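Chemist: Following the hints, put chain P in place on chain G, whose structure we already have.
There are 2 protein chains.
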Amino acid sequence: MGEKILLAHGSGSRLSHDLISKVLAPSIMNPVLARMDDSAVLNMSGKLAFTTDSYVVNPIFFPGGHIGRLAVCGTVNDLSMSGARPLYISLALIIEEGLDIDDLRQVMASVKDTAVEAGVQIVTGDTKVVDHGKADRLFINTSGIGLIEYGTDISGSNARPGDKIILSGGIGEHGMAVMSQREGLHLSLPVTSDCAPLNHLVSVMLSVSKNIHSLRDPTRGGLASTLNEFAKQSDVGITIEEDKIPVCDGVRGACELLGLDPLYIANEGKLVATVTEVDSGKVLSAMKKNKYARQAVVIGEVTTEHRGRVVMKTSIGSSRIVDMPVGEILPRIC
Amino acid sequence: MGEKILLAHGSGSRLSHDLISKVLAPSIMNPVLARMDDSAVLNMSGKLAFTTDSYVVNPIFFPGGHIGRLAVCGTVNDLSMSGARPLYISLALIIEEGLDIDDLRQVMASVKDTAVEAGVQIVTGDTKVVDHGKADRLFINTSGIGLIEYGTDISGSNARPGDKIILSGGIGEHGMAVMSQREGLHLSLPVTSDCAPLNHLVSVMLSVSKNIHSLRDPTRGGLASTLNEFAKQSDVGITIEEDKIPVCDGVRGACELLGLDPLYIANEGKLVATVTEVDSGKVLSAMKKNKYARQAVVIGEVTTEHRGRVVMKTSIGSSRIVDMPVGEILPRIC
Numbered sequence: 029m030g031e032k033i034l035l036a037h038g039s040g041s042r043l044s045h046d047l048i049s050k051v052l053a054p055s056i057m058n059p060v061l062a063r064m065d066d067s068a069v070l071n072m073s074g075k076l077a078f079t080t081d082s083y084v085v086n087p088i089f090f091p092g093g094h095i096g097r098l099a100v101c102g103t104v105n106d107l108s109m110s111g112a113r114p115l116y117i118s119l120a121l122i123i124e125e126g127l128d129i130d131d132l133r134q135v136m137a138s139v140k141d142t143a144v145e146a147g148v149q150i151v152t153g154d155t156k157v158v159d160h161g162k163a164d165r166l167f168i169n170t171s172g173i174g175l176i177e178y179g180t181d182i183s184g185s186n187a188r189p190g191d192k193i194i195l196s197g198g199i200g201e202h203g204m205a206v207m208s209q210r211e212g213l214h215l216s217l218p219v220t221s222d223c224a225p226l227n228h229l230v231s232v233m234l235s236v237s238k239n240i241h242s243l244r245d246p247t248r249g250g251l252a253s254t255l256n257e258f259a260k261q262s263d264v265g266i267t268i269e270e271d272k273i274p275v276c277d278g279v280r281g282a283c284e285l286l287g288l289d290p291l292y293i294a295n296e297g298k299l300v301a302t303v304t305e306v307d308s309g310k311v312l313s314a315m316k317k318n319k320y321a322r323q324a325v326v327i328g329e330v331t332t333e334h335r336g337r338v339v340m341k342t343s344i345g346s347s348r349i350v351d352m353p354v355g356e357i358l359p360r361i362c
Numbered sequence: 029m030g031e032k033i034l035l036a037h038g039s040g041s042r043l044s045h046d047l048i049s050k051v052l053a054p055s056i057m058n059p060v061l062a063r064m065d066d067s068a069v070l071n072m073s074g075k076l077a078f079t080t081d082s083y084v085v086n087p088i089f090f091p092g093g094h095i096g097r098l099a100v101c102g103t104v105n106d107l108s109m110s111g112a113r114p115l116y117i118s119l120a121l122i123i124e125e126g127l128d129i130d131d132l133r134q135v136m137a138s139v140k141d142t143a144v145e146a147g148v149q150i151v152t153g154d155t156k157v158v159d160h161g162k163a164d165r166l167f168i169n170t171s172g173i174g175l176i177e178y179g180t181d182i183s184g185s186n187a188r189p190g191d192k193i194i195l196s197g198g199i200g201e202h203g204m205a206v207m208s209q210r211e212g213l214h215l216s217l218p219v220t221s222d223c224a225p226l227n228h229l230v231s232v233m234l235s236v237s238k239n240i241h242s243l244r245d246p247t248r249g250g251l252a253s254t255l256n257e258f259a260k261q262s263d264v265g266i267t268i269e270e271d272k273i274p275v276c277d278g279v280r281g282a283c284e285l286l287g288l289d290p291l292y293i294a295n296e297g298k299l300v301a302t303v304t305e306v307d308s309g310k311v312l313s314a315m316k317k318n319k320y321a322r323q324a325v326v327i328g329e330v331t332t333e334h335r336g337r338v339v340m341k342t343s344i345g346s347s348r349i350v351d352m353p354v355g356e357i358l359p360r361i362c
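Top to bottom, those sequences are chains G and P.
According to my numbering, the first sequence holds residues 29 to 362 in order.
According to my numbering, the second sequence holds residues 29 to 362 in order.
Chain G on its own, in the form it takes in the complex (with noise of 0.2 Å):
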């Protein structure tokens, strides 16, 4: 039997030092972490981005990742979609008591391989424990800074009619992995979460054109969801075509058997671009050489009619409006 979480890891006594010290740091540590102070202090110029996401994942382990992946990826995915390079990362555990401490040093290994792989320090960060059956094993929160370079002004409120709507590659797989892992489906072609940090590829992006209009990770409520955002925040409308949406053969697959449509189905590695046809080629290109966006396809564009609505041409020619999902699509899917 593995050592567990007890309580009293939580309660700022020798125990959470311990904790903290044996655990958590030393996988994580960097010269601003060190300080053992209550707040990082940072040297920074310019206009930064800020933001913060809880994870409440369930399972905590899945197939492509886990909660701790998935948090670092998370942040750091919302800072790039603001046009910023990610920086510095917080780290906040609501742990259950009786969570095994080898399951916590596994998520910590991770979070260390996916800080080095977006090149971010992890500089600020707390441990709470709660009694068991008050919680689900691990929740964690991240907050992000990130660094607005490009002087570009990307924002969802940003698509133009004419813009040109790329996609990074096939929809649903994070969504599908952490469901079938949930419910012990036995997929004939397995889903594994798309998670990754794409901090890299929207660099890259920045870097080939000036006029990308609006970045986003279609994460819960899936592609929908984000395309209705942007038809809403810009006030324009959104026509996208069926056939170019890529879905691999799992995720269609479950679908079909679950009754779900892959457009409501989370991402957590994907992103969304509106930018203008003169760069959409440029733009594209650059991504295609980047690994997590082989995939990048040109799905659509941003329109003058049916403003603030997402209207989709199907496989066999009709259309049909894409709306918000309503209810519950997969609950705790980050």
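Derived by calculation from the structure, the hints in this document are not laboratory data.
Check each hint, because a few of them may be wrong.
When chains are identical, the list treats them as one kind, so a pair holds in a single copy or across two.
[Claimed, not checked] Quick list of in silico lysine-lysine cross-link-like pairs, DSS-like style, CA-CA up to 25 Å: (1) Lys140 <-> Lys272; (2) Lys32 <-> Lys162; (3) Lys32 <-> Lys140; (4) Lys260 <-> Lys50.
All figures in this text were calculated on a predicted structure; none of them were measured in a lab.
Modeler: Chain P in isolation, oriented as in the chain G frame:
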């Protein structure tokens, strides 16, 4: 029966958008938040402080405050303790399915009031909902960014022999208030949490002295933990006098009843500072003018003896070592 939170409120669906736009955002809206992108965009230059904390206090409403006020004060105070002026706060909610939406409204109203009192803006946020029984009503994470303006280098590592140790007021009030509420204790002298934003107090202190070496708010683990952290981080000894430490009658009575030591009970509106002897008088005078530090007092000093240890001269004239707490003192008080 009031409305309750459903799982679907956390799914990125139209219900999520409604919860955010109708319940969460209105009370804290500002131009940065109004962009509704994944990251806030901020213009800042200089030495920044960055911190994070999750709040899992049980119960979420307690005498003198609740989880919303606590979450803003805690992060404002962590920033202040690094000598920073707190500016921007993130707010991430993990909500248990079934929570009364009216409770959430009440929490948000006080988040707003506390942010206004502290002069900070909430610029980015996140909302997750987990199934009933997988969290405990409401957990909140706040992260924060502040600007270190005074060119001071304040750290738990900077305490110097000869420094006076100043405590801003009576100890143990927050921990005992939460504990008495949770356990249904009927104390003859009720105890109210001291939960308060201390940034204006710190600002006054820094304006009268450049010789404040260490600042910390004694939260989890209480005054004993903070002083032990200073002693270890700065490799100095610390001597305090029991008679000098303010403890209100309610806390003293409750601690005697329960066999607890107020030195180990959490505070959420107090600070400890180490200041050169020369400047200690004017710092103390300045503090006493602030409503959260009327009882500020010198409780001891930093020494070259017994490095790494805290020694207390007791009321009866003996000395005892005040160690780090070992196990759980009071769980989930913040």
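Chemist: Now tell me if each hint is right for this structure.
Modeler: So, going through the hints one by one against the coordinates:
1. Lys140 <-> Lys272: neither (36 Å within a copy, 45 Å between copies)
2. Lys32 <-> Lys162: Intra 16 Å, inter 19 Å, cutoff 25 Å: intra and inter.
3. Lys32 <-> Lys140: within (22 Å within a copy, 38 Å between copies)
4. Lys260 <-> Lys50: Classified as between; 17 Å across copies, 48 Å inside a copy.
Violation of the numbered hints given earlier is confined to hint 1; every other hint is satisfied by the structure.
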